[in-house]
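K.L.:
Position chain W against the provided structure of chain C, taking the given hints into account.
Protein sequences, first through last, are from chains C and W.
At position 121 of the first sequence the residue is numbered 121 (our numbering), and the sequence of numbers has no breaks.
At position 248 of the second sequence the residue is numbered 248 (our numbering), and the sequence of numbers has no breaks.
It is possible that part of the hints are untrue.
[Stated by the list, open to error] Stretch by stretch, here's where chain C covers chain W in the computed footprint (C-beta under 8 angstroms, at least three residues):
| hint | segment |
| --- | --- |
| 1 | 129-142 |
| 2 | 157-171 |
| 3 | 242-253 |
These are calculated hints, taken from the structure and not from any lab test.
Every residue, glycine too, gets a C-beta built ideally from N, C-alpha and C.
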Amino acid sequence: MNYQELIRQTALNDERIIVMTAENRAVLRELPPVLGDRFIDVGIAEQTMIGAAAGLALRGRIPICHALAPFLIYRAYEFVRTDVGIAHLPVKLSSWIAGFLSEANGPTHQAIEDVALMRAIPGMTVFCPADEADMLTMLPAIWASPAPAYVRLIVRKTDYTHAPFEIGKAEVIQQGADITLLVYGLLFEEARQAVRLLEQDNLSVGLINMRSLKPVDEQAIVRAAQTSKRLITIEDHLLTGGLYSIVAEVLLKHRISADVQPLALEERWFHPALLPDVLAHEGFTAEHIARRITLPAWV
Amino acid sequence: MTASNTSPATTHTHAELAQLALRVREHILRLSTDGGCFTGASLSCADLFVFLYTRFLRVGPERLNDPERDYLLLSKGHDVPALYATLAELGWIPIERLQNHLKTNDFIYWHPNRHIPGVEFHSGSLGHLPAVGLGIALDIKLRGGQNRVVVVTGDGELDEGSVWEALLVAAAYRLDNLVIVVDRNHFQANVRTEELIPLEPLAPKFEAFGCAVERIDGHDFAQMEAAFSRLPFAAGKPSVIIADTVRGKGVPSIEARADRWFCNFTHDEVEALLRELHGEAQAHLTSETLTVR
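Isolated chain C (complex conformation):
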């Protein structure tokens, strides 16, 4: 099973599904002959794709809009907000190469404020699966929901076997008394390896896959804050508006003080390169993550 196959099976079983793209059909290349007129490529015209998706949704369809993350949401942001958001239509945004996954494309292609922008839209849901298996676990529920949705796609494989998915629930991998790493997307695997390194220093380390960022699992955050001495948020996203902000909002809402250290991009784009080099340069390999975590004095 992969992303394309999941779309194919879902669409063949559900006439409501329309697959749309703004000429980003590389990973969908086998769908046009299978889906026929239910595969709609509008060309390089993201705002038109989103507006048309709203029109299709008004007629009872569930459009899956697949495009490169920055153009899907930045070029078309006002259409997402105004046509999909205000009308609360079940348009599913499939966001390709968000975050570090844009690798060497450069800042034009870096969707590192996507979570901030998408979660700001009333009623929009936001999901960031950890790896391909996690994504395939999550997508059926996301597409079945009546809500508009934004999904950071990921087709990288890991050897982790994920728990079943429920919208609004995080996946608590393990709990830790000293620190808990909260992570989403491709950095899940780096964080998982970082946990091993930290455990070698006899630390009790928790790890949470924050796969559903909106709605977010407030209880998972609150519980981690109450059982760990420090929380670490890890994300290939700007510091503003992403997971660090979400955690801060949740802790404030629940009137909980906690020690939170963010690992994020602060007020800048990342240096374009191939992914392993991006991770190393920006300090997001497992080793870098383990090293960058500062420990409270009481540990």
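P.N.:
Frame of chain C; chain W shown alone:
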């Protein structure tokens, strides 16, 4: 095709349409106070709405969710008083409901809201509904439906690139069930279009984008009848009707004036403008012009 789908609901004569449009304009003027509205742009398309809802669109308050109904999408948005007044006169909503204009007990404000029966989609941000209409037209084609999608745009709205982007795609997908009606009142918000971002020659622009185009007098019901009855103008092509209109049409003291876009008249001025609408002397207007909204 069902019987109700073969023809519009009414058999109004053009004289009756003129009377209906006069009442619609009265409502628009009455909405132009106590906060006001976009009077000029509403008056320019009043005749178009009256025509569309009585003579063209296969729609009705009894078939709001009928998948075989026609669609009217108001892309220019701020002319919504003309739409609400038309819907009220035709019995879609009670006429008294217009008194809820700008009140928090209803959803009748300066741009369309889907809570009002007959409003297919909200608007206000220009250049959106050609794309939304494209999606609706695509779905109708997918299902083999016969219904038409009419998108009413302003002319200033044509500055938005998204209009042309949607037309490119509509032409590529051969959507001859899509009709763009341009309320060509020759004004953007505060200036004449030709003095700011010239649109002419306009018809060739649409033709170059793969559309079939007709240009008519948007206040002449006979011309509307002739043009709309021939849709689609060409098989496999989206149709465009450029309707030349006059901003503020029907009320000479505010007709074709750059400074009468959003109007918030005093009650006395509204009464004077209503008399003017019925052929009496021009109103003496002292209220603020060039209101910014």
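K.L.:
Against chain C, does the segment 242-253 of chain W show at least 3 residues with beta-carbon separation below 8 angstroms?
P.N.:
violated (count 0)
K.L.:
Are there at least three residues in the segment 129-142 of chain W whose beta carbon sits under 8 angstroms from a beta carbon of chain C?
P.N.:
holds (count 14)
K.L.:
Would you say the segment 157-171 of chain W counts as covered by chain C, given the rule of at least 3 residues with C-beta under 8 angstroms?
P.N.:
Three-residue rule met by the segment 157-171 of chain W, so holds; n is 5.
Violated hint: 3 only; the structure is consistent with all others.
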